[in-house]
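Given only the sequences and the hints, what does the whole structure look like? Please build it.
So the protein lines, in turn, are chains D and W.
Using my numbering, read the first sequence as starting at 1 and increasing by one per residue.
Using my numbering, read the second sequence as starting at 1001 and increasing by one per residue.
Among the hints, erroneous ones may be present.
[Unchecked claim] DSSO-like, lysine-lysine: derived pairs with alpha carbons at most 30 Å apart:
id	chain 1	residue 1	chain 2	residue 2
1	D	K342	W	K1037
2	D	K37	W	K1341
3	W	K1104	W	K1175
4	W	K1341	D	K327
[As the list claims (entries may be wrong)] Pairwise CB distance ranges (calculated):
id	chain 1	residue 1	chain 2	residue 2	range
5	D	G319	W	R1123	38 to 48 Å
6	W	R1294	D	D137	27 to 37 Å
7	W	R1294	D	L54	28 to 38 Å
[Stated by the list, open to error] To spell it out: a stretch of chain D is covered by chain W in this simulated footprint if at least three of its residues, at any positions, have a beta carbon under 8 Å from a beta carbon of chain W; those stretches are:
id	segment
8	286-292
9	296-310
10	317-329
11	339-348
If you are wondering where the hints come from, they were derived from the structure by calculation, not from laboratory data.
Built from N, CA and C at the ideal position, the CB exists for glycine as well.
Number of protein chains: 2
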Amino acid sequence: MSQLHLVIMAGGSGTRFWPKSTSRRPKQLLSFEGDGKPTLLARTLERFDGLVPLENRMIVTTESLTRAIAEEAPGVRVLSEPQARNTAPCVYWAAREVASRDPKGVMLVMPADHHMGRVEDFRATVRRAAERAARCDELVTLGVKPDRAETGYGYLRLGEALEPALSQVEAFVEKPDARKAAEFLASGRYLWNGGMFLWRAEVILRAFDEFMPEMKRVWDESHGQIDQAYPRLTATSIDYGVMERARNVVTFTLDCAWDDLGSWTSLETLAYALGAAREGGVCTAGELLAVQSRGNVVDAPGKLVALLGVDDLIVAQNGDAILVARKDRAQDIRLVVEAAKKRRPELV
Amino acid sequence: MSQLHLVIMAGGSGTRFWPKSTSRRPKQLLSFEGDGKPTLLARTLERFDGLVPLENRMIVTTESLTRAIAEEAPGVRVLSEPQARNTAPCVYWAAREVASRDPKGVMLVMPADHHMGRVEDFRATVRRAAERAARCDELVTLGVKPDRAETGYGYLRLGEALEPALSQVEAFVEKPDARKAAEFLASGRYLWNGGMFLWRAEVILRAFDEFMPEMKRVWDESHGQIDQAYPRLTATSIDYGVMERARNVVTFTLDCAWDDLGSWTSLETLAYALGAAREGGVCTAGELLAVQSRGNVVDAPGKLVALLGVDDLIVAQNGDAILVARKDRAQDIRLVVEAAKKRRPELV
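And the structure:
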């Protein structure tokens, strides 16, 4: 069978875990398992030990993060984007790189900063999906089996079933409202779109040529000079640019306690699943001392965080920044980050 | 007139401002005016510039604090108590010291860690009270004019008026409940007991001989050896041991925006009085960034504290300790401190 190549997208600079995450050390470079534990990127890489050899691993990130990423992933090739241009240019570049060495090679594209609760289940699904992608001219995705009516994710609507846990994808569906999400869950016909794809390099390049022909044109005109090509590549997502338009998309059902770690509150979901929640709430770094307090999420490396009579707060500290937020406002942390950027840019 | 001697009681090791206050650096050694500003002890001392010469100043504290206190009050004599025994032994010792140098000297005894909003009004009252104490064989107190029905303080019930803002004290009254406190305020016949006293050394020593004769006996038997005397002196308050029993107690009405700074919430009262409260609440150290948050009290030297959607919290940081407490639980911080003492004693 063809070799498996791993392409990890690690360009994110999200603000949803501020102050733990900053522009210099975004989520993929953080650990959520406690002080001194492996980062999400390290965990992502180690899931492929024995599946993808070092020389077939590649990380795509932005220039400002290249050095930190390289330190965290010794020996792994790092593609350094001149600027963030969403995922389509990143996938296109990576596909050109794989194709130049191994056109029949299967590449797995996935984010650097997600959680997999059951790694062996994840690896088994990857093996099946890689075999399928090597054999068929398809764009293979890993769709996550939903366990709740989540409104924070996009969905895949399943078409014809091909094999157990393998179906055609009928449509990519935007984040639904609560009513629709409940319908999706009840129907059993939807999976979460976790942004994980497998295909042969030649197959995705053909799809680019069909749906985003400007990519090849810009690339050829720039003679593969990244600095020249990148600003001109269409800044859109691979989902919107290619996947939603292609007709040869199939999905494996991934059932491995996946979580995208999208906000402080997902740490809580995770901790409860792992039985790591305790009196006072969840503490992902530092030490929590809770008196008559419940449902809090605490992250303060090396610190003792004492709570008295408070419920449902996020309390996070990093260097000279301390955040205290109501848990149900976790999605609005960007408001704080924008304000902090003006006052103390070095803390953001 | 007799000389004025100043006796500052600075032995407190309260926990109500933890983690800002610790056993090594209690409240009197802290500033509540912002990073790098003078401590409460320094402010207390500077109120007597021009009133009490350096050689007539004395601070009584416990052995463990002696060094830190001496550094904060250069040139001031420090009496180092072998152990904390409440205020009666402390006053007795100080009175013996003053009497040995200047029996007719008037001594002013007061805490090190209170706030005076209008210093000139305080000084004017001290001057009048010192003149009275020099002239009359009385135990003079400074009773604070109440501006609210406070249940956290003891009260003085006024007897016969002697001069404007000077009355006999009919009784010392324990902390009242809310209904009684409201009656006290409405009656105009009560002042707060702020623990500030003036008397000639010989007058208070006579009162000790009358109401606590064991003090002199222990002292004489120990030949003035503090280490021997202290453990045997009656550990009670000067209020209970002497003042409540004496019949020659008078009080001046002190009206100078006094506050005992008894908890994090008194900082708020103070800040509002000073017009220092802002969006999000009050910040006594560090920088506050508040988004849709109100009524909080923040103290985190050198830190940026970002609040999102939270109201009426205390957020305080010192070294490796962070406290987040509901403001109406400020009186229960000792619960947290007791728990922290077991887990991280170095932080308490």
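Worksheet item: Going through the earlier hints one by one, which of them does the structure break, listed in rising order?
Response: Numbers 3, 6, 7, in rising order.
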